[in-house]
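Student: Protein sequences, first through last, are from chains B and D.
According to numbering that gives the first Met the number 0, the first sequence is numbered sequentially starting from 0.
According to numbering that gives the first Met the number 0, the second sequence is numbered sequentially starting from 0.
A portion of the hints provided could be inaccurate.
Distance windows between CB atoms, simulated [as the list claims (entries may be wrong)]:
| # | chain 1 | residue 1 | chain 2 | residue 2 | range |
| --- | --- | --- | --- | --- | --- |
| 1 | B | 85 | D | 42 | 34 to 42 Å |
| 2 | B | 16 | D | 183 | 43 to 51 Å |
| 3 | D | 139 | B | 66 | 28 to 36 Å |
| 4 | B | 96 | D | 41 | 49 to 57 Å |
| 5 | D | 74 | B | 85 | 16 to 24 Å |
By construction, these hints were calculated from the structure, which means they are not laboratory data.
Cβ atoms here follow ideal geometry from the backbone N, Cα and C, with glycine treated the same way.
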Amino acid sequence: MKRVIISICSLALVIGLSCFGIVYMKNACDELCEEIEEIEAAYTEGNVSDAEARIAKLEKEWEEKDKIISKFVRYDRLGEISDTVTQLKILVKNEEKGDFLSQTAKIKKILEDSWAHEKPDIKNIF
Amino acid sequence: MATIFIRSLIVYFLIAFALRVMGKRQLGEMQPSELAVTILISNIATLPMEDTSIPFLSGVIPIVSLAAFEVIMSYCTLKNKTFRKIIIGSPVVIIKNGKIDQEKLKELRINADDLLTQLRCKEVFDISEVEFAAIETTGELSVYKKYISREVTAGMLEIPDKPAENDPQIAIISDGAIIEDGLALCNKKREWLDGVLKKENESVKDVLLMTCNKSENYVIIKNELKKGAGR
Chain B
0 MKRVIISICS LALVIGLSCF GIVYMKNACD ELCEEIEEIE AAYTEGNVSD
50 AEARIAKLEK EWEEKDKIIS KFVRYDRLGE ISDTVTQLKI LVKNEEKGDF
100 LSQTAKIKKI LEDSWAHEKP DIKNIF
Chain D
0 MATIFIRSLI VYFLIAFALR VMGKRQLGEM QPSELAVTIL ISNIATLPME
50 DTSIPFLSGV IPIVSLAAFE VIMSYCTLKN KTFRKIIIGS PVVIIKNGKI
100 DQEKLKELRI NADDLLTQLR CKEVFDISEV EFAAIETTGE LSVYKKYISR
150 EVTAGMLEIP DKPAENDPQI AIISDGAIIE DGLALCNKKR EWLDGVLKKE
200 NESVKDVLLM TCNKSENYVI IKNELKKGAG R
């Protein structure tokens, strides 16, 4: 009976960890996508200093979230986000609007793909 | 490199723990589901050890899940007969009243040579000696010989039982150290052991193994590397 209890507890822990992983990933992707949209809006409105401040905030937030996400998600492109966020700062300074928007779109795409890669739907299971 | 080393250590302890939780059955004859789980665990364990780009949890979660699931399934098969039949199956009788059931042999895809090999492993060299044989769920053959072919037992010869003399031998000294639990199982005290060793002109540290039963029948195997003595 002791082994059964240990097994049930282990399974509960695994299910709990899995649920935490899914919820954390979903929230992180939503929050970061929202943040990027705000950066895009600030930049297109010509508010460069606000955009820069938001990029710095985004970079910090991503660093924190990446520490947890990398524990349970294996998605090779996640590493690209850090590089692209660093590039955003330079693109804002140089006022390269086209490149800037393409890079923000790229980050959003990676985040959406990583969530799509992680969610336990029929496509991913099979 | 250090990451791989640390991961290997963690995986080692995790698998040792998983096998411990799954129980001793896992180390002996395995049921089909147990075999599948053991193979899966050994394969999964290598992935996070070799590839550091894989999150460690991706390797840990399947190992823990499979071990836990196996224990829960074992518990369910213990409690529910139908479930047991589905998961483990049931033994198949292939020789009944000395006659081979060829249909069953065909169903199990066992040929005559395989059957003879398994019978020989059970020390049966003449198929006519077999009264009944079944393939167990583990794939092992169980054989019940005809009365005339069975080994003679004390019961057949109506020899009275001597329970005291039949007590199993229990180790009471191993590698020069006294096993207190063994002494207690034999209902013996330290004084008795000291007396025996004195009579045999031995000391505890010079004994490789000493076994004894409740009837004070004992065997002493001296440590030949220390004294060069025999039994």
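Student: Please go over all the hints and tell whether each is borne out by the structure.
Tutor: Going through the hints against the structure:
1. 85/B <-> 42/D: 34 to 42 Å: Holds, since residue 85/B and residue 42/D (Cβ atoms, about 39 Å apart) stay within the stated range.
2. 16/B <-> 183/D: 43 to 51 Å: Check passed, 45 Å falls within 43 to 51 Å.
3. 139/D <-> 66/B: 28 to 36 Å: The hint (28 to 36 Å, Cβ to Cβ) is violated, given that residue 139/D and residue 66/B are roughly 52 Å apart.
4. 96/B <-> 41/D: 49 to 57 Å: At roughly 55 Å between Cβ atoms, residue 41/D and residue 96/B fall inside 49 to 57 Å, so the hint holds.
5. 74/D <-> 85/B: 16 to 24 Å: Taking Cβ atoms as reference, residue 74/D and residue 85/B lie about 53 Å apart, which means the hint is violated.
This entry does not satisfy hints 3 and 5, going by the numbered hints stated previously.
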